[in-house]
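Residue numbers (my numbering), protein chains in the order written: chain A, 1 to 277; chain B, 1 to 426.
Do not take every clue at face value.
Each computed DSS-like pair below joins lysine-lysine, with the alpha-carbon atoms no more than 30 Å apart [claimed, not checked]:
1) B:Lys-118 x A:Lys-130
2) B:Lys-218 x B:Lys-48
3) B:Lys-318 x B:Lys-48
4) B:Lys-318 x A:Lys-130
5) B:Lys-118 x B:Lys-48
6) B:Lys-155 x B:Lys-178
By construction, these hints were calculated from the structure, which means they are not laboratory data.
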Amino acid sequence: MRTSTGARVGQYAALLAYLVFLAFPFLWLLSTAFKPPTELASLHPTWIPQDPTLANFRQAFDEQPLLRAALNSLLAALASAVVAVVVATPTAYVMARHRTALARAATGWVVVSQAFPFVLLIIPLFLVLKNLRLIDSVPGLVLVYVVWALPFALWMLTGYVRAVPAELEEAAAVDGAGRLRTLVSVTVPLLAPGIVATALFAFVTAWNEFFFALVLLKTPEKQTLPVVLTHFIGAEGVADLGPLAAAAFLATLPSLVVFAIIQRRITGGVLAGAVKS
Amino acid sequence: MRTRILVTALAVALLLAGCSSGGTRDDGRITLRFQSLAWQEESVEANKELVEEWNAAHPDIRVEYVQGSWDSVHDQLLTSFEGGEAPDIIHDASDDLADFAYGGYLADLTELLPGRLKSDIPPRGWETVTFDDGVYGVPFLQEPRVLIANATWLKESGVRVPTPEAPWSWDEFRRVTKRLGGDGRYGVAWPLKEPVSATLNLSLSAGGRLFHRGDDGKVTVRFEEGDEVVPRTVHEQVNTDRSASPTTLGSGGSDTLPGFFAGKYAMVPLGFSYRQQIVQQAPEGFDWQVLPAPAGAGGLTQGVSPQTLSVAEDCPHKEEAVAFLDFLLRPENMVRLALGDWMLPTGSRALADPALRTAEHGWATGTALAAHLRPAPAQTVRGYPEWKDKVATPALQEYYSGAIGLDELRERLEEDGNLVLARYQR
Numbered sequence: 001m002r003t004s005t006g007a008r009v010g011q012y013a014a015l016l017a018y019l020v021f022l023a024f025p026f027l028w029l030l031s032t033a034f035k036p037p038t039e040l041a042s043l044h045p046t047w048i049p050q051d052p053t054l055a056n057f058r059q060a061f062d063e064q065p066l067l068r069a070a071l072n073s074l075l076a077a078l079a080s081a082v083v084a085v086v087v088a089t090p091t092a093y094v095m096a097r098h099r100t101a102l103a104r105a106a107t108g109w110v111v112v113s114q115a116f117p118f119v120l121l122i123i124p125l126f127l128v129l130k131n132l133r134l135i136d137s138v139p140g141l142v143l144v145y146v147v148w149a150l151p152f153a154l155w156m157l158t159g160y161v162r163a164v165p166a167e168l169e170e171a172a173a174v175d176g177a178g179r180l181r182t183l184v185s186v187t188v189p190l191l192a193p194g195i196v197a198t199a200l201f202a203f204v205t206a207w208n209e210f211f212f213a214l215v216l217l218k219t220p221e222k223q224t225l226p227v228v229l230t231h232f233i234g235a236e237g238v239a240d241l242g243p244l245a246a247a248a249f250l251a252t253l254p255s256l257v258v259f260a261i262i263q264r265r266i267t268g269g270v271l272a273g274a275v276k277s
Numbered sequence: 001m002r003t004r005i006l007v008t009a010l011a012v013a014l015l016l017a018g019c020s021s022g023g024t025r026d027d028g029r030i031t032l033r034f035q036s037l038a039w040q041e042e043s044v045e046a047n048k049e050l051v052e053e054w055n056a057a058h059p060d061i062r063v064e065y066v067q068g069s070w071d072s073v074h075d076q077l078l079t080s081f082e083g084g085e086a087p088d089i090i091h092d093a094s095d096d097l098a099d100f101a102y103g104g105y106l107a108d109l110t111e112l113l114p115g116r117l118k119s120d121i122p123p124r125g126w127e128t129v130t131f132d133d134g135v136y137g138v139p140f141l142q143e144p145r146v147l148i149a150n151a152t153w154l155k156e157s158g159v160r161v162p163t164p165e166a167p168w169s170w171d172e173f174r175r176v177t178k179r180l181g182g183d184g185r186y187g188v189a190w191p192l193k194e195p196v197s198a199t200l201n202l203s204l205s206a207g208g209r210l211f212h213r214g215d216d217g218k219v220t221v222r223f224e225e226g227d228e229v230v231p232r233t234v235h236e237q238v239n240t241d242r243s244a245s246p247t248t249l250g251s252g253g254s255d256t257l258p259g260f261f262a263g264k265y266a267m268v269p270l271g272f273s274y275r276q277q278i279v280q281q282a283p284e285g286f287d288w289q290v291l292p293a294p295a296g297a298g299g300l301t302q303g304v305s306p307q308t309l310s311v312a313e314d315c316p317h318k319e320e321a322v323a324f325l326d327f328l329l330r331p332e333n334m335v336r337l338a339l340g341d342w343m344l345p346t347g348s349r350a351l352a353d354p355a356l357r358t359a360e361h362g363w364a365t366g367t368a369l370a371a372h373l374r375p376a377p378a379q380t381v382r383g384y385p386e387w388k389d390k391v392a393t394p395a396l397q398e399y400y401s402g403a404i405g406l407d408e409l410r411e412r413l414e415e416d417g418n419l420v421l422a423r424y425q426r
């Protein structure tokens, strides 16, 4: 079916509007990061800084330990992504392939757990971690992030597992592969886009997370980037806007880079042509 | 398969547990954690320097500087208190202390505070941190609300410029803003994103009280003559005189600065510490000055919620913690903290320091107002946060925008408000 030229133009216009909508906050952040204080308080702000400066970046690095905080965030986010994938992949497989009462209950739990606001969890979680002596440690934070990301990761991966045709596993079984071999050699490679998407979700969730990190980490040297960013905000929400924008701009870069590197894997049609329909 | 997952998860948990730091170090000497909310460059620097000086002079009582954030301090402290992991020395504001003091999380400092500190801070300062006869913090920095004015505009208009000795009355202020406004420009821009505290604190100047405590100890809301002055002035400026910008009513203080610098508003009522932003952001050659807020039947009186330093009830070394507070709040150190935060110290000796009496950046105007500052009217009233959020904020916002009149404002503040307060005072 051919799309008319008018409809095509409309589609592109809508796409462009959507892109502008998505990109606006980031571009504004970028613009703010390079503006001197006088331009930040201008009644008619411009997109392109009239007198661009790196002073905000300098001040941000001088005032706060951004590099150390970024390293802490990176460590927590990478560890969370790896552990979440390692735990979620086999669990999702079982939930998708074995329709038992337990699997159904687990799916229900996954959905219900999404409804809990984290403020309800934080105090009991804090006490549990305290007993495990995991307060004020990045590993403790990673544990929380994994637990926090798992329900959604499971839900997402279960969908991916269901999309892998069972016939492929049956074919492997006919060829003599055991359950483990089938899982490792057939299913997991086909799940790659799902695993990557799950890892990305866990990474970004942990990278951006603020409140757990604020409450659980006491030692300044262990604080993560979102916590350190709030140090640019004062009483009644007054912010040191320039350095905050500079630091926030740098904080968004890792997520963007990770997305850019692996986005093709998510959208790639790994399963294309696997089964004749 | 499930067993394998469980074993994996357990192994990961044990591995993580093995990597943990193991909590606070205490190798023979005392270590106190001081959570500071200082955020401006000079202020953080002053705090850190003072901690370093303390540590150099007291090798057996080491203070560890922990950076906190105003943005989330209440939730963070509440969780830490519940989990028994709160910092030993806590920086906060007096209007945030009631829950923690009544909850038993903060140490009563009545017997621990040295006489020097007790006598240096006036009784009205101590009132802000006193709950049920206990003293749960040391108030150390505070800021009055002042009028930041475009000096050139004021000079050209020929209006009388007020001083702390001869301030404007609320009526005169209204007349002045009417005279200054016109042609798309406004005499004043009220940033009233948080209208309740601004209104209540300024209303003390007109003799407003709003909260009345009966003989039975119960508090009721009565919106009387003195309480009407400030809201009515703002309402009339916005809706009748058109001398106040209607668009800034929902703005925060910082949001009004671009219009102020661009010559759209002649004056902006702001906290004293906003001067730091003005110094940093004002265009070159922009001439501004600090004026006292208008006075009424109550003179220049204003309500404030000072910044405070408290000691956690769980702190095992309370005397040492108070000794650190005593050091941090020595007059010369209080001056350094005040300069760093662009605020006023609560201590009488620090207030007398020449560095805070200079005319530059309006310091002298601010220090002249210090004697008129009183505890914010509502901070010890049980149920105030709910009254503020559910009743007073929407009612005042609607009144200021012209959606409702004074009678309806009164009715909502009193009738709806007293229903809320009654639930907390059964």
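Checked hints:
no., hint, verdict
1, B:Lys-118 x A:Lys-130, "violated, 37 Å"
2, B:Lys-218 x B:Lys-48, "violated, 43 Å"
3, B:Lys-318 x B:Lys-48, "holds, 21 Å"
4, B:Lys-318 x A:Lys-130, "holds, 23 Å"
5, B:Lys-118 x B:Lys-48, "holds, 25 Å"
6, B:Lys-155 x B:Lys-178, "holds, 15 Å"
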